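Chains Z and C supply the protein sequences, listed in that same order.
Position one of the first sequence corresponds to residue 1 (this note's numbering), numbered consecutively onward.
Position one of the second sequence corresponds to residue 1001 (this note's numbering), numbered consecutively onward.
Errors might be hidden in some of the hints.
Stated by the list, open to error - Lysine to any residue pairs mimicking SDA-like chemistry, simulated, CA-CA at most 20 Å apart:
hint, chain 1, residue 1, chain 2, residue 2
1, Z, K98, C, A1015
2, Z, K259, C, S1221
3, Z, K187, Z, A198
4, Z, K187, Z, F205
5, C, K1102, Z, T6
6, Z, K194, Z, E97
7, C, K1047, Z, M140
8, C, K1105, Z, L13
Treat the hints as calculated values from the structure; they're not laboratory data.
Keep in mind that this is a model prediction, so the values were computed, not measured.
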Amino acid sequence: MKDLRTRNLALYLVPTFLPVALLVYAPVVKSMVIAFRRYSMFDLRDTPFVGFGNFSDIFGDSAFPFLQILGNTFIWIFASLVLQFVLGFCLALLLREKFRGRGVYTSLVFYTWAVSGFAIGLIWSWIFNGQFGLANDILMRLHLISRPIGFLSNPKYALVAVIVANVWYGIPFFGIMLLAALQSVPKELYEAAKIDGAGAVGRLFRVTIPYISATIVSTTLLRMMWIMNFPEIIYGMTNGGPANSTNILATQMINKIYKEYNYGQGAALSLIIMVLLFILAFAYLSIANRKEFES
Amino acid sequence: MNRPSHIARIGRFTALALFLFFALGPLAWIIITSLKGPKEIYTFPIKYLPSHPSLESYRQLFRFANFGIYFRNSFFVTMEGAVGAMILSAFGGYALSRFKFKSAKRAMILVLYVTQTIPTFMLMLPLYLLMADLHAVDNLGALGLIYMVSVLAFCVIMAKSFFDRIPASLEEAAEIDGCSMLQSLLRVIMPLLAPGMVAIFSFAFVNIWNELFVAVLFMSSPDKLTVPVALNSFISKAGISWDVLSAGIVMALLPTMLVFAIGQRYIVAGLTEGGVKE
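This is chain C alone, in the form it adopts within the complex (with noise of 0.2 Å):
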């Protein structure tokens, strides 16, 4: 090993930990800021590290601050949403690959990116009045159908590229072989697609999971709120108590923590397949 390409490990080596370091140390400091008192919180010059670890943030985050509510809300819409979309987009992404028809694909694979440059306010006033009309205002049934459609059109571009990379072949001969059309892409193409199911819900969990704006414009009963609202509203109640709202952040991280835990490899192959939005 030669002096120059030593010099060149340690810089990228220290590169490297400068990245991780600023990217995991705000996450860090506010799991430590949880499990701090308000007497610490509240020091400066700053302590660190806490003298006396606790869980007690998270005790009144559950106990007075109702969060085990929202958290199950929000379990519903996201799992309503996303396991929806990852349904749809299956039938949808395998219809779009297999498409015969060139210029019919094309408009509406078009239509499918068009909606990834609007902007969702520009939606929510309308859906908002759309389903005051039906009633389905402050329905978390509701919103978890406005979640899934919001997500979908990315969610069928990235099936449909999943698709695009199994061959038509295997369904063609499952086919002749007797299957019907629903039978060959549920018993032969599906199982080859598991990642990239993995991936499209990973996907559109973690985007409905961390949606704020329209749960706000929607919900309204106090034991309706969704995660994100709960947070919102921590802030708006008389000041910031950091003690309970960095336990209510953490709270809110775990979930997509777990689900990017798990589906992380998938995500990144969908995501770069797919061509990009959040």
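The following block holds chain Z by itself, in its conformation from the complex (with noise of 0.2 Å):
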């Protein structure tokens, strides 16, 4: 009885277990055999082992300085997330205490989290167009500027205005994900730190903050993960340009494979990349993985 129940759930998990191996895991590892070898649509015949050649190929561009796209990934990344998870904390402080439509509320402001990120990046195009976009209007109304700004044709504000449609996007993620753990604080503690003397801001500190530091964790350094792999909003608006000031690795690699058909470049671009967030998956996992077993 027990045996057939134990091989039963075996069952149950084939049909999870053998696509992801088959679709996932094997690409993956496919992937990383084209990194090291000439690999272009032009000639999928004729693909010799090329060793390193792929990646000494990506640090020489000059068309594409590697270290200026690494640069970018970097701010690209850690501005993002930084708004992203200040405002999106400031958000779920707001929703902690009921109000009336608090409900709706949610709801309405945690949509952007359903809206695709190449429909972000066009919607944000528009709004930052240099002739007729709503940014544009809106400072000058304020007399904030004199004559309209190219945001996204001048390489000094096309990297700004990428990150400000990112943190659009990401505010209610980090909303939503921090009430929830913010519901969790007992209300005891604060009432202890009350009475030790401590004010809004040392309540903040010395209370809540520690009290969710795991969910912190793991939701930035999934986020992090995230937003380095993501390079819709980016292609939506600028595809890397003007002078590739907004070129991030990711944006990087899809205009090797869409527009040059260099998958081999592109393969060794994924792998630099996988590379580069294995430190922080690791990380992550093992937060994950403690989380998962405590309970």
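Got two chains here, each in a separate frame; can you build the complex from them with the hints?
And the structure:
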């Protein structure tokens, strides 16, 4: 009876793990192999092993300086992440106390989660349009600027513009995740802190943040990995331009695959992303696992 | 009510209003744009509201840009992927939740979590080559299948966390009463998991509906494009005409708005339960 049960359970797992093995893990391995081959769509029969050739091509690419792309990637990740987190945390704190219409408010604010990255890119490229954009209109009406700025055509502003769009997208995510964590903080802790004479700020840093630190660490790490792999907004707004100023590793990879059909370099770039992510993933998994097996 | 708390309240509601404005402003703006004619779209300083709101952009979208076909394609692919992932994750999540061998269970959960760190693009090329070998490129059914697998790992993680909250004694009692294992799962456990299934379906639906790059790579026939691919092709064609494009964006948002409106409560629960990737 027990054996039968275990066998059935194992059977139920097959339709999950077989497709994941065949269509996720096997392709990953194959992609790692492609990274070390010359692999172009124009000649799929001739794919010789080239060692680290694709990597040296990427590092030595003068049209797309690798260091600039790497720098953009880190600015993109950390600026987006910090702003998303801080604003999302503020939103969560604001939503913690009940008020009339909180449910409706939360669903309205949280809807941005369901908008596609590409659509977000398009919407914000319209807002930041250099001729007819809402951003220019508002800034001019407020007399902050005297003539329209080409936000997406000027290398000075383009990275800021795509980060604004990404922050817009990520605030509700953090808001919701952190709100759920905040609601688990026991009220007695605040009472105790109050008796000890802690003010609102003191309670925030001495009670709230330590109590939900596990959630903070896991959500920020996950989000960090996710933002790194997220070229859609940039693709919809600037596609890496102007002058490489918004090009990150992920958009560079899109360029290599969709424009140059250079699959070898595309795969090499994905391996670079993977290696950079590995450290973050390792940290995340140890936390996720601990959480998983505590319960 | 003393004074400082009164000020705090006003501050709080001002902040909440600003967040709401920032969240909805861009969406409202694209909807407003889609209701204007080209003349009013291309003016500066901006006219905030259309003087003659019309659905002309939408008429063009469906008449000349064949949007109806793309919509149908997207719907087919998304339903295939989301329903499939929901069904498989019910079995996978249940088995994972009830599995007795600790170390095997731990390894399997790890295998699922690791998929969340893999960049999607890393899979695209090998999948494309595989599908080319199977003559399944440019095939909507195959695209739906790939989408199903792409969201499956996270759906199973979510499902497992939902099953964990349902005591095993329920199905044990049913099995003592003579139910088979499958019967007890479908008749006793699944009804309790309905909200969880809504969350999983909504999560899968939104992610699949929005996917762009895999579809761009896989689909080439004009009558087999999905909505995001169609929007992408509007851009590549000689400049962007924002009247039709804005209408296209709004149409692309509608199904996810609908699914979100229905499943929002459960999605929130699912995401916060399951640890998270989008």
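Each hint, compared with the structure:
no.: 1; hint: Z:K98 - C:A1015; verdict: 15 Å, holds
no.: 2; hint: Z:K259 - C:S1221; verdict: 19 Å, holds
no.: 3; hint: Z:K187 - Z:A198; verdict: 14 Å, holds
no.: 4; hint: Z:K187 - Z:F205; verdict: 15 Å, holds
no.: 5; hint: C:K1102 - Z:T6; verdict: 13 Å, holds
no.: 6; hint: Z:K194 - Z:E97; verdict: 18 Å, holds
no.: 7; hint: C:K1047 - Z:M140; verdict: 14 Å, holds
no.: 8; hint: C:K1105 - Z:L13; verdict: 11 Å, holds
In summary, this structure violates none of the numbered hints.
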